[in-house]
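A.B. asks: Here is what each chain is made of, one letter per residue.
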Amino acid sequence: MSGGFLVLRRGGATWAVAHQEVRGLARRGAAIEVTVAAGALAAVEVLGVAAELRLHPAGGVLRRFWPEAARGLAVHGTLPLVLIDGQAPPRSLLAEPASPAPSIPGEGNR
Amino acid sequence: MAVDVTTAGEAGARRRGDDALIGWLLLAGLVAVGAALLAVAATRGAAAWPAWAFTVAGLAAIAAHGAWVFWPFQRLERRLPVEEERFQRLDASLGATCLHLGSGDLVRAAAASAGLPSRVAAAFTASTAALSGLAQQIQDSSVEVASAADAVNRIASELAAGSSQQAASVVEITAAMEELARTAAQIAGSASRQAELASLAEDSGDAGAAAVDEAVAGVEEVKKRISAIANRADALGSRSKEIYRVLDLITEIAQETHILSLNAAIEAVAAGPDGRRFSVVAEEVRHLAQRSQESVESVRTLLDEFAGSTRATIVATEEGSKEAVRVFERSRAAAAAIAELRHTSGDTARVARQISLATQQQNAASDEVVMTLREVSLVVQRMTGGLKDLSATADRLNALALEIQLLAQSFHLDSARSLKHVVESWAARATAAAPAARQELLEELVRGTQFADLLYLVDERGTMSALAVNPATIGARPSLDLAQLRDVDMRRRPWFRNAERERRTGITPPYQSILTGEQCFTVCACVGLPDGGFGGVLAVDVNVTGWTRI
Amino acid sequence: MEATHLLVRAGEYVCALPLGAVRQVLRSLTLHPLPGSAPELKGLAEFAGDPLPVLDLARLARAPQGANPVFPVTVVAWAGPPEARELVGLAADAALDVVVLPAAALVAAAPGSGGDGGLVAGEAIVGGQVVRVIDLQALGQVS
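Protein chains in written order, with our numbering: chain C, 51 to 160; chain Z, -13 to 536; chain G, 312 to 454.
Chain C with its partners taken away, still in its complex shape:
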């Protein structure tokens, strides 16, 4: 599959996001935030960009033991990675929501 992919690392695993699904890329502190259709994804590291990936479908075994939506599996260099679906990225990739501002008693009820 071609078109360019953004290769990320997060949670000890390697992930890829298709360029066309990347809506934004920003640094948030020490993390890297990738904005996709489903929202912001947080990455520890951006390993680079892969021009193309040879995708393998996520088989039943993988789905049995990892029921996350994924467009497929590939290898980038020697690293196996998961090509995520920007519409339904793995929950472990989602960026943590920002902590809410301290509220004044009674103000939140307005």
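Worth flagging that the hints you see were computed from the coordinates, not collected in a lab.
Be aware that a few hints might be false.
Chain G side only, calculated, beta carbon under 7 angstroms to chain C, not exhaustive [unchecked claim]:
id : residue
1  : 344
2  : 345
3  : 348
4  : 390
5  : 397
If you only want the chain G side, here are some residues facing chain C, beta carbon under 7 angstroms, derived [to be verified]:
id : residue
6  : 343
7  : 346
8  : 347
9  : 352
10 : 355
11 : 357
12 : 360
13 : 408
Predicted model only: the values in this text are computed from it and were never measured.
We put the beta carbon where it would ideally sit given N, CA and C, even for glycine.
Start from chain C and add chains Z and G according to the hints.
C.D. replies: Frame of chain C; chains Z and G shown alone:
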């Protein structure tokens, strides 16, 4: 043989008168003869003037002789009886005076000297006064001597008591010093034994030190051997590690070969019937790998055993090395302790020898002290003897003082300290008192004295008619029974006979009183009868220990 | 009918994998765990340039934990039904041998002996020890 002075003087005066007449006559005769001869000479041609001068001178001499010799002698012869009478009077007075003086009665001597010429009387008075003063001085001196003798006696007694205590103390000190000497000898013996033991300890220390040195050398050698063994064991361990690495490599190769054989078997199965021979080969390879693995395991097992033994050997050698180190350290410590012990033993031996020497010196000093104490004891004994002699001398001095006092008291002085004077006055009062009142008088008199033990009256018949005891001097003596003495005839007593004969107050020498049993002397004065006759004797017994209270 | 099986050790069990389904036996592959995965999924590995999900065979067989493996292996095998088979890796403690098991030797697995999920097809006695035969076709079926 007395010389009749008056007769001799009278005869002498007559003889000198006669001599003067004869002399005058001779002188006249001589002048006449001389004148005659000169006249003859003148007739024969000599000058006539010498004859005339001679004649004149002769006549003048005859006249002078008559004026100055013959006539005075005649006057003197006329005055001789008067003077002779006066001389007799003076002689009597002088005789009485000298008699009283010779008997020591200075009072009567002074009275008798009143009849002497004034100058003589004054001289006698002065002499008796001087003698009286001298006698009183002698009395006083004797009292002082007696007091000094008492003081000396007292001091001698105190010194004797002190000497006794001193002697006892010396005995105690001597005993203590002898005990100390014995103890010092024991200490010396112990110190000597201690020195010997310390010397033995020194010798043992030397041997011990040598043994420890050998042990240390041996331990060092053992350490070296153990170190060499440990090094070899380390080398073996290193080789074992290398072998283990090789085994690991072989194991890995075997594993890889095993996996390869499995993969070969997989390929053989995948190849189907064409792969059967390949599967056989794969199986052989698998077996080869299995045998390799088994060999490796065997070798590993052997190597493990060998490594275990080597480790055990290493551990043992390490333990042995540590133990050798500990032994070495202990040996070093033992060597140090032995050195310290030797040093201490040396010090102990030296100190013991010093103690032994010091105790020997102390022993010698103790012996010297004991000898000195014995000499001191002898000195004390001699001093005690000397004090006894001193006491005896003081007693003799006391006796001498008494003799001197009695000698002084032999003078009748006009003094309250003159016994004769006092007793004579008492005798005069007794003479004046009625016989019935004499007992009371004696008791009154004796209570007023401090020196008289007894006052008693013995009448002219020698019978004791009154007796008074001085309670202050006699004290708690058994009372004397006058009745026991009534039968005693005192006329035989020397003092009674002397008094009766001499009619003078006398003092007896010291004697033992039959009444008190103690040494005393008696002052006896005559008691007169109304007619002036001998009425008896008033006797006063004075204890020899109380005469200083006179 | 006999079938050749690959014997592997998984925990304290000896499991038999049909050799026909085994692609290759390798030394343990480097694994990259996937966050949020089940414990049976040890992670993804790279095999011959392709991604390979690797499963823990001992967990799959419900085998009691054994001693630490000396020479762990990854068995690359075809799992799932024949029409949808896929290569998976099975992490085992050791690859033991290749044996032939007669079909008659296969007996049903004892209750509670690892048949959870239907992966243990049966048991056999090989060399005096119990061998649990793994059904790889059932591995790809979602339970």
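A.B. asks: Let me make sure I understand: some of the numbered hints might not hold for this structure. Which ones are they, in numerical order?
C.D. replies: 13
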